[in-house]
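When you get a sec, could you build the whole thing from the sequences and use the hints?
Protein chains in written order, with the working numbering: chain U, 1 to 334; chain A, 1 to 661.
Quick caveat, the hints were computed from the structure, so don't treat them as lab data. Built from N, CA and C at the ideal position, the CB exists for glycine as well. Any given hint could turn out to be false.
[Said to hold, decoys possible] Taking CB as the label site, the calculated pair distances span: (1) U/N150 - A/I462: 26 to 32 Å; (2) A/K291 - U/C266: 43 to 49 Å; (3) A/S572 - U/N27: 54 to 60 Å.
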Amino acid sequence: MQNFYKLLFNDFLNDFNNINSLNDFNNIKIKYLGRNGLINKTFDFIKKDKCNNKIKLFKDLNFIKNDIQKKIDLYNNNDNDTYLKYKNFDITLPPIGNQLGSQHIISKTINDIKFFFLNMGFKISDGYEIDTSYYNFEALNMPLLHPSRNLNETFYISNNVLLRTHTSNMQIHLMQQIKPPLKFISYGKVYRRDLDASHTPMFHQLEGFIIDKNISISNLKYLISNFLTFFFKKKVDIKFRSSYFPFTEPSMEIDIKCIKCNGLKCSLCKYSGWIEVLGCGLVHSNVLTNCGINNNIYSGLAFGMGIERLSMIKYRIDDIRLYFDNNINFLNQF
Amino acid sequence: MKIDKKMLIDWIGPAIDVNYIINKLTFIGFETYISDDFLNISIPYNRSNYSNLFSLINEISKFLDVPYFKIKQQKISIINDFKNNLTINIYHQNFCPLYFTAIINNINTFKQTPNYIKIILTNNNFKLNNFVIDILNYVTFLTGQPLHAYDADKIHGSLNLIKINHDIIFITINNEKILIKKNSYVICNKNIIISIPGVIGSFFTRITNKTHNIIIESIFLNKELFNTCDNIKTLSSNYFSTGVILNHSNIAITLVLQLLQKYQIIKISNILEIKNIKKLPTKKYIILYKKDFINILGYDLDNTIISNIFNTINFKFKYYNNYWTIEIPYNRYDLLSKENIVAEFLKFYGYNKILLTPIKNNFITKYNDISNYNNISNYLINHGFNEVINYSFVYSKYEFFLFDNTNFIYLKNAISEKMNIMRTSLLQGLLKTTSFNLNRNNHTINIFEIGNVWSNNNTSSILKLACICTKHNLYTNIYNTNDFFFVFKNYLYNIIKYISKKYIISLKNNIKKIFNNNISSNIIINNKIIGIIGLLNDTILKHFSIKTDLFFFEINLTDLIFENNIIFNHISKFPNVKRDISFILNCNITYIDICTAITNLNITNLVKFNFKSIYFFNNKKSLTINFIFKSNTNTLIDSDINNYIEIISKHIIKKFNAKIK
Chain U
1 MQNFYKLLFN DFLNDFNNIN SLNDFNNIKI KYLGRNGLIN KTFDFIKKDK CNNKIKLFKD
61 LNFIKNDIQK KIDLYNNNDN DTYLKYKNFD ITLPPIGNQL GSQHIISKTI NDIKFFFLNM
121 GFKISDGYEI DTSYYNFEAL NMPLLHPSRN LNETFYISNN VLLRTHTSNM QIHLMQQIKP
181 PLKFISYGKV YRRDLDASHT PMFHQLEGFI IDKNISISNL KYLISNFLTF FFKKKVDIKF
241 RSSYFPFTEP SMEIDIKCIK CNGLKCSLCK YSGWIEVLGC GLVHSNVLTN CGINNNIYSG
301 LAFGMGIERL SMIKYRIDDI RLYFDNNINF LNQF
Chain A
1 MKIDKKMLID WIGPAIDVNY IINKLTFIGF ETYISDDFLN ISIPYNRSNY SNLFSLINEI
61 SKFLDVPYFK IKQQKISIIN DFKNNLTINI YHQNFCPLYF TAIINNINTF KQTPNYIKII
121 LTNNNFKLNN FVIDILNYVT FLTGQPLHAY DADKIHGSLN LIKINHDIIF ITINNEKILI
181 KKNSYVICNK NIIISIPGVI GSFFTRITNK THNIIIESIF LNKELFNTCD NIKTLSSNYF
241 STGVILNHSN IAITLVLQLL QKYQIIKISN ILEIKNIKKL PTKKYIILYK KDFINILGYD
301 LDNTIISNIF NTINFKFKYY NNYWTIEIPY NRYDLLSKEN IVAEFLKFYG YNKILLTPIK
361 NNFITKYNDI SNYNNISNYL INHGFNEVIN YSFVYSKYEF FLFDNTNFIY LKNAISEKMN
421 IMRTSLLQGL LKTTSFNLNR NNHTINIFEI GNVWSNNNTS SILKLACICT KHNLYTNIYN
481 TNDFFFVFKN YLYNIIKYIS KKYIISLKNN IKKIFNNNIS SNIIINNKII GIIGLLNDTI
541 LKHFSIKTDL FFFEINLTDL IFENNIIFNH ISKFPNVKRD ISFILNCNIT YIDICTAITN
601 LNITNLVKFN FKSIYFFNNK KSLTINFIFK SNTNTLIDSD INNYIEIISK HIIKKFNAKI
661 K
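Quick look at the structure:
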């Protein structure tokens, strides 16, 4: 008998789903719930039968009757035309409209970094991409014979005008224009005459500096340690090591434990377990003097980082050339 | 600099792990890694006088318990007395306070250079030459002391170091003519210049296959006066310009004689030494106050710790009440100030041990204008655009093809011909990106770029925003190409609104070379052209192998000012009333003409009017405009509205010969 109930209910569903007009609906209502409908006929049949489990059979049949009644009531609640209009509406079909675009990975990384430094009280300054060699080299304590000044390393527009090789030129512009204390970051494109698998002739840097009284290397470590924890969204192992930049003294380079292999040595960290992320130091007294700042009163810290490098480490991108291919399949990932 | 791993182990002993040395060297600023059994060591620019093996080993010995390098004294069999053969006159001992020389007879320049020397030289970018030159270069690699050899048979009488009093043409060892300027130092023999000291020798006295007797020269030159020749730079001049190590001049010539005698049977003279102690560099002292030390580090450290580190670095120093007087070693040209001393201290103390101190006086800044560009990016991104970043240098030929403009800023040393100028527009980069992506079957291209452009007319760069867009798939069924232009135009209008809601934009037809003639316009704000918009024409697209319609706009962001002072406008409590009017007009009358005419009527209570619909028939067009009326003081009644509508209708009918539908 239970099988018969299942067949009965399935037949009802089939009929119900094939309703195309009000007539169809009324016929189905009569067929199943009418005085001489299938449900009532089944009740009569059970009454006359001499089986032992009549109570259970009546109970189950009542359940089916209720389900059919609910479906019929639901149909009655809707305006018939509306119901028929959306009868075959498939809610699972894909949405229509613009797909979400993407911000370039470089801009995204810059924004992440900016967020940290804005909250640390830094101001933002725009920079000159074409500048004079004075701002790019001389004022930054880079001697005339420094190898980076060669035609092989730097793009020159004329003997004295060049495409900046780092964002540090803005340090000089700002220090000459504004009296200390100063607390700025500056970012943008920089250019070096280099093109191979790991270098592009144009890339992005972010530079930051503070000029104030009593700025120490200990402050610098505090700032950089906090920044790296913020940027990589986790506590990273940091290694500070000595380095040389003409515009800072003492100078440091900072390595972090490889975030891919956690120091176990992999291709990302070139099998050293550590990855270099940025350079920093205390602003060289010659640079302060060049900008007319009394280095007996003021001292400063400065740091600079390659945006592509940081984002390559964070998102584990293995080819810098992808950044400027602008392949939408790449861009859409961020 | 590359050092053979075996060579290093021979010296330091097998007990010390090479990886330990690599880490230590890296920590003190000599970035080091191993490849092919060689230690690759990057010498910082300020320590370039350390680009020799002996100095580097001495640096290593500061953190290893191994002795400083000392040359093994070997007996050299002296045959001749130098003075019997040649006299040396150094007339400018302030320039050359130390001069060593020796004569070697019966040398065979054909002899093969030992293999281990060849390997070291090739790995360190020295060119292999003949036996004598290879030995000299090898000793230079070991000591950092450039050496020179003359063909002794070509020299007679005396060698004189003099200063020339007029410009002279000189033929170098490489048979190149160079100009030596007046007041340069040279070495002469019988009025013939045989070398520019510290730079290069002459072609006349070079060592050839026929040379049998040579003069070896090892000199110490005053770094401050060393600017002899601007128009030629050699390996030797690089060494001298950064400063050679004082006591290596003697060591170097001794080593050369030892090596030559080891590999050949030769006759050697004694080493002639000309030395002027008074002209030698004097000892330098730097005073480091404790308070300066604390200022740089950020906190105090125990004097004993500081003294111990100074001892490790081999500084000779004395501590007085509140300062140190530190004697700087001769070979440390990089130590010039108190900051240098602290930096040197920190290398050995360890940067990792420095404590963290929060920065005082942190202040929170206001939001900056530059950040507003993010809003524009975000708007476009949320409408399906991808931000791209292209190179700032582009191909002048294409830029000329696009804009007929020649005011380019050329790069003197472009990386390639196709990247020879700074871009004057963002279009070229965007077209290349579009072509690149279309070739990879990305058929829907909605891209934008924000970046600087330059031209010869402007002294500074101009920040521009440019968008390129194919027809959206969403609209292909309901819009044709012409209609999609308005979807694209909407992006432009919204961006301008992001910058300032006060800006009133107008487009004025202006035929541009890059655009289709019918869809080509200037973007005008406050009577100033701030950009261009249009449908790129087929010639341009064909040039970049693009086979799909592309809309493009570019605006100067530099010319637009972000609205900062937004003032709240009072909102009327009274209801607004809407009315539509359909005008039948000639096709040549534009929407903006109608708008201007209505605006000029200055109808009070007309808050806004919007485009509603348009259709074309029999060379006429039916334009429906929706008018919104609202008063700040009362509810408008039908008679008021009808009155306004009548004024507008009559004016348009009269002015444009229109009909009301």
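Taking the hints in turn, this is what the structure says about them:
Distance hint check for U/N150 and A/I462: the Cβ-Cβ separation is about 30 Å, which falls inside the suggested range of 26 to 32 Å. One distance hint, 43 to 49 Å for the beta-carbon pair A/K291 and U/C266, holds here, with the actual separation near 46 Å. Between A/S572 and U/N27, the C-beta spacing of about 58 Å keeps the proposed range 54 to 60 Å intact.
Checked against the numbered hints given earlier, this structure breaks none of them.
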